[in-house]
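Protein chains: 4
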Amino acid sequence: MHVGFIGLGGMGQGMAANLVKAGHRVAVYNRTRGRSDPLAAAGASVAASPADAAKGDVVMTMVADDHALEAVCLGEQGVLAGLPRGAIHVSMSTISVALAERLATAHQEAGQVFLSAPVFGRPEAAAAAKLFVVAAGAADAIERCRPLFEAMGQRTFVVGDSPSAANVVKLSGNFLIATVIEGLSEAFALVRKSGLDSRMFLEVLTNTLFAAPIYKTYGGLIAEQKYEPPAFTMPLGLKDVRLALAAAEAARVPMPTASLIRDQLVSGIARGHGNLDWSALGRVAAENAGLQG
Amino acid sequence: MHVGFIGLGGMGQGMAANLVKAGHRVAVYNRTRGRSDPLAAAGASVAASPADAAKGDVVMTMVADDHALEAVCLGEQGVLAGLPRGAIHVSMSTISVALAERLATAHQEAGQVFLSAPVFGRPEAAAAAKLFVVAAGAADAIERCRPLFEAMGQRTFVVGDSPSAANVVKLSGNFLIATVIEGLSEAFALVRKSGLDSRMFLEVLTNTLFAAPIYKTYGGLIAEQKYEPPAFTMPLGLKDVRLALAAAEAARVPMPTASLIRDQLVSGIARGHGNLDWSALGRVAAENAGLQG
Amino acid sequence: MHVGFIGLGGMGQGMAANLVKAGHRVAVYNRTRGRSDPLAAAGASVAASPADAAKGDVVMTMVADDHALEAVCLGEQGVLAGLPRGAIHVSMSTISVALAERLATAHQEAGQVFLSAPVFGRPEAAAAAKLFVVAAGAADAIERCRPLFEAMGQRTFVVGDSPSAANVVKLSGNFLIATVIEGLSEAFALVRKSGLDSRMFLEVLTNTLFAAPIYKTYGGLIAEQKYEPPAFTMPLGLKDVRLALAAAEAARVPMPTASLIRDQLVSGIARGHGNLDWSALGRVAAENAGLQG
Amino acid sequence: MHVGFIGLGGMGQGMAANLVKAGHRVAVYNRTRGRSDPLAAAGASVAASPADAAKGDVVMTMVADDHALEAVCLGEQGVLAGLPRGAIHVSMSTISVALAERLATAHQEAGQVFLSAPVFGRPEAAAAAKLFVVAAGAADAIERCRPLFEAMGQRTFVVGDSPSAANVVKLSGNFLIATVIEGLSEAFALVRKSGLDSRMFLEVLTNTLFAAPIYKTYGGLIAEQKYEPPAFTMPLGLKDVRLALAAAEAARVPMPTASLIRDQLVSGIARGHGNLDWSALGRVAAENAGLQG
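Protein chains in written order, with our numbering: chain D, 1 to 293; chain F, 1001 to 1293; chain R, 2001 to 2293; chain S, 3001 to 3293.
To be clear, the hints were calculated from the coordinates, so they are not data collected in a lab. Any given hint could turn out to be false.
[Claimed, not checked] Straight line, CA to CA, 20 Å or less: simulated DMTMM-like cross-link-like pairs of lysine to aspartate or glutamate:
| hint | chain 1 | residue 1 | chain 2 | residue 2 |
| --- | --- | --- | --- | --- |
| 1 | D | K239 | R | E2203 |
| 2 | S | K3193 | R | E2203 |
| 3 | D | K193 | F | D1161 |
| 4 | S | K3130 | R | E2203 |
| 5 | D | K130 | F | E1203 |
| 6 | F | K1239 | S | E3249 |
| 7 | F | K1193 | D | E249 |
| 8 | R | K2193 | S | D3052 |
| 9 | F | K1193 | D | E224 |
[Unchecked claim] Some chain F residues close to chain D (C-beta under 10 Å, calculated; not the full set):
| hint | residue |
| --- | --- |
| 10 | V1046 |
| 11 | S1049 |
| 12 | F1132 |
| 13 | V1158 |
| 14 | G1160 |
| 15 | T1179 |
| 16 | E1186 |
| 17 | T1208 |
| 18 | A1248 |
| 19 | A1250 |
| 20 | A1258 |
[Unchecked claim] Far from chain D, by Cβ distances over 12 Å, these chain S residues were calculated:
| hint | residue |
| --- | --- |
| 21 | D3057 |
| 22 | D3065 |
| 23 | A3125 |
| 24 | K3193 |
| 25 | P3229 |
| 26 | R3242 |
| 27 | D3263 |
| 28 | G3268 |
| 29 | A3270 |
Don't be surprised by glycine CBs; every beta carbon is placed ideally from N, CA and C.
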């Protein structure tokens, strides 16, 4: 397939590379040019603009946030301007439900197709084609894109025919990760102040009820107080929790745990922990209990 | 070993039976007499009082709460009165850190040994000798009791030489279960009000980041809105969260998520859901979002 | 002075009328035309557009929200286009700190002056020229507008030379009103469920520590469960709390009480109370305690 | 009247003195003896025990907490043992609803009368006979005690015939004070981080919607960051909020704002602010926003 790929950050690099590897004809675009070089070396062409990248059958976008996605979609050199009628824009970024809905409308009005297909997984999973893809939108368009999803991920879930459904799932999933981190943070603060050994506590948890990688990963970071280097910083976590709260407010759903976590993240950033991994919610909880970090 | 076992509820029945099965000489006691019959049939002797049950090498208690444990420990016919010097009281109930500390002192003053060894697992796990035992107290006493723990559980964790350490671990573990339920409850409310299918959402979760039995179990109950019959009612959940908060307050640790869950449980009980499983936090979240249950 | 006044809702009607009464030459504008009639009858001229209303020395805007203010400010017929160089735009609406900052910049770039001067007070206070005006921006411009503020209010506070300072004060004040309502709501739920008489409780409060009009007003509404007709609906309350949270997040300030109130308002709207006064937080608290309304 | 008065702390000193001044025959008792001296000098007799102090028509207790009240009520030398049949015990301390209920029962079984009559006011108000008395219990007993209440306070409110009703009112009132402090704390954090002047903000608040002494007092302390010397320490505040939460839990009423404040107080104490006034919630909020104190 003739595919454009826009956004070559930590995630996008690996995803685009896997599309090239799978034999697709890939045109890449990144705002800052240097990031295209490894992909060009691997056989991708380098597009001059988002519109240029969007000239094929499908264009995929994987950018930082709503603002960045609007920047590549709108304007004379944007995706909306360049995408042929009948072609597909697959938005894979973690964006707001509201923007997904606006883009769905805009593409439809332009005779184009919009899909949401955010992913679960870290950069290493992206590089290893082990992502989980959560797709939503018109069923036939999803089927056309399935080979692309399969080139990038280990499994694809189709969660609805309204594109924003996939964004709701992605934001809810990230919210649940945040609840794991916050829950562990409070539990570790109690355990530490009660004089117990954090690693032993983690050992009990992850060998009994919480034998899941997510508890091992985040529990380990909090038990070791190892918040650097960040895999996902506190401001990024705050962005995602804020998007979940915005979607929930629009749907008239109170999410008190999300509100609480939002406040803890804001506090962590205010205290100067903005460059730490969002597992530094563990540091916020510890400090709130009078502990050093 | 000559072992007393006090408290033959859903958990205690299975635990005591496994002690008998392992060849120990077991004397059982339960406040209401009928519950001893199956154990007597299996070979246990029936004690006339807690003191009577405590006459051997070790007495284990598995009762509902602090109040019930104080009732079997204190008084002329209580455990403290009956237990020989040098013998061991193993408290396996989910009780407060404060009571564990008081009992540790009381037994020490009486020349006896006190261990805390609460367990993770449901009645089926108790019957199948699949419990996880979390033990704390004097190391040599724990070693003496190890054959008993092994008769009842699949694994024993030793978490400290102060008995109450085990209670902190147990309460923290139960708090973490509560965070899973509350997190799922809020996420499902958002997903439902956004028009998505709950079961599909659960499918995504439990096949990606949350592939743990606890997410499958509680996620399934909430997705199906199946809160009866209760495995663990809302008032029992409230009791445990309250004990975690009390331990945290004593240790000067704020646990805002525990506070939030406490309020949701109180609200659920106030709304008439007190006889439902504590996964009915899902109903509270749904009602708060204007949904029917 | 030659003054434009844009936005003739419940508040704006009274404010503009008081400007006319004070002898100023007033040009009024409202999106829906009929609302200008009483003012025209009183001597105001009716402007054909926001730009037309902005042709004098000062233009004041009093509209519903950010969106409405942007609608009257931008575009060919907007305030920015019509306001002469050196003339002043006084924004009196309850808007976001972010929009105040953007407008301050836009007016400055156009050689115009922007002031924020939101008010405390209900429509009756606006009609009676009893508002409190909270003004911020360039000191000399505030002095030029002082006769206008005095025509509308009982007192003017100058809170800084950056216009958005006044918006921070306004949003913080509204947040504090919300804390009064939520606090009373929870206290009344406890009092009612404890079998006490709500009016008697209110009597004690307002004759002892809380002898302030705000406690009398809101306490009376909650004690009487009189949430209609609304003076300020739940969605309006939600808007203001959301703006406070947005300002706080931008300034890196966690406001957990604001978050909590936000969730209660969202829940109230979700339950169908969106057309009630925001004192119906009292109903939300009562329902959460299992009471009828 | 022949009155006993037990508990001569900051509050009790002034209260007992005012009883003496009003011409009653007063027997005082305090655990630590020296505190009786000024009252003895003023004409009170000094009782040798709580039972001894309780020999008259009425005995009033004003002690620190549940524990202290139980200590003076129970035992051979306690109030219950010393109080004549038909005589009245007026509990004026801030105690739990549960203890008030237990004491009501115990006194009734002993043929005695129990009233709850907690007060609002600081030590200066106690000295000046300016307290507000909130009384509940049997109407005729309250009438008999009215001259005593009038000797100590500026006004007496009768809130029910079940003694614990007065404790619910007192705890709800203290909870509302706490909401004022926490609300101001969060608002001041926002205002400070937005670069505004705290005193100016307070000036606006207390001259507009919040023209009540309580806002002036606590707002002033927070604006000045003047948390010493404490009039009421954080642990005392925590005690009262905990009692409100316990009463609410027993009545099945969620009080999320009380839970939130509880956590802030616990955090403040954990951070080492336990010897500060409870208005140091302002420091907790400021620190959470990354500010110094």
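Evaluated hints:
1. For the hint pairing K239 of chain D with E2203 of chain R, the CA-to-CA distance comes to about 46 Å; that exceeds 20 Å, so the pair is violated.
2. Straight-line distance between C-alpha atoms of K3193 of chain S and E2203 of chain R comes to about 38 Å, which puts the hinted pair past the 20 Å bound.
3. As the CA atoms of K193 of chain D and D1161 of chain F are separated by approximately 16 Å, the hinted pair is consistent with the 20 Å bound.
4. Distance hint between K3130 of chain S and E2203 of chain R is fulfilled; the C-alpha atoms sit about 18 Å from each other, no more than 20 Å.
5. In summary, the hint linking K130 of chain D to E1203 of chain F is supported, as the alpha carbons are separated by about 18 Å, within the 20 Å threshold.
6. As the CA atoms of K1239 of chain F and E3249 of chain S are separated by approximately 11 Å, the hinted pair is consistent with the 20 Å bound.
7. For the suggested pair K1193 of chain F and E249 of chain D, the alpha carbons sit about 11 Å apart, so the restraint of at most 20 Å is met.
8. Using a Cα cut-off of 20 Å, the hinted pair K2193 of chain R and D3052 of chain S is violated, with the two alpha carbons roughly 38 Å apart.
9. At most 20 Å may separate the alpha-carbon atoms for a hinted pair to count; K1193 of chain F and E224 of chain D exceed this at roughly 39 Å.
10. Against a cut-off of 10 Å between C-beta atoms, the interface hint on V1046 of chain F is violated, since the closest Cβ of chain D lies about 33 Å away.
11. Annotation: interface hint on S1049 of chain F violated; nearest CB of chain D at approximately 34 Å, more than 10 Å.
12. For F1132 of chain F, the suggested interface contact is upheld, since its CB lies about 4 Å from the closest CB of chain D, less than 10 Å.
13. With 10 Å as the threshold, the beta carbon of V1158 of chain F comes within range of chain D, its nearest partner Cβ sitting at about 9 Å, so the hint holds.
14. Proximity of G1160 of chain F to chain D holds as hinted, the smallest CB-CB distance being about 6 Å (cut-off 10 Å).
15. The beta carbon of T1179 of chain F is positioned within 10 Å of a beta carbon in chain D (closest approach about 4 Å), and the interface hint is therefore held.
16. Annotation: E1186 of chain F was flagged as interfacial toward chain D, and the flag holds, the nearest CB pair being 5 Å apart, inside 10 Å.
17. Using the Cβ-Cβ criterion of 10 Å, the hint placing T1208 of chain F at the interface with chain D is satisfied: the shortest such distance is roughly 4 Å.
18. At about 5 Å, the closest approach between the beta carbon of A1248 of chain F and any beta carbon in chain D falls short of 10 Å, and the interface hint on this residue holds.
19. Interface restraint check for A1250 of chain F: the shortest CB-CB distance to chain D comes to about 9 Å, inside 10 Å, so the restraint holds.
20. Using the Cβ-Cβ criterion of 10 Å, the hint placing A1258 of chain F at the interface with chain D is satisfied: the shortest such distance is roughly 7 Å.
21. D3057 of chain S, annotated as away from the interface, keeps every beta carbon of chain D farther than 12 Å; the closest lies near 49 Å.
22. For D3065 of chain S, the non-interface assignment is confirmed: its Cβ lies about 23 Å from the closest Cβ of chain D, beyond the 12 Å cut-off.
23. Non-interface status of A3125 of chain S relative to chain D is upheld: no Cβ of that chain comes within 12 Å, the nearest being about 34 Å off.
24. Residue placement check: K3193 of chain S does not keep its beta carbon more than 12 Å from all beta carbons of chain D (closest about 8 Å).
25. P3229 of chain S, annotated as away from the interface, keeps every beta carbon of chain D farther than 12 Å; the closest lies near 22 Å.
26. R3242 of chain S, annotated as away from the interface, keeps every beta carbon of chain D farther than 12 Å; the closest lies near 17 Å.
27. In this structure D3263 of chain S is not separated from chain D by more than 12 Å, as the shortest Cβ-Cβ distance comes to only about 8 Å.
28. Non-interface status of G3268 of chain S relative to chain D is broken: a Cβ of that chain comes within 12 Å, the nearest being about 9 Å off.
29. With a cut of 12 Å on Cβ distances, A3270 of chain S falls inside the contact zone with chain D, its closest approach being about 3 Å.
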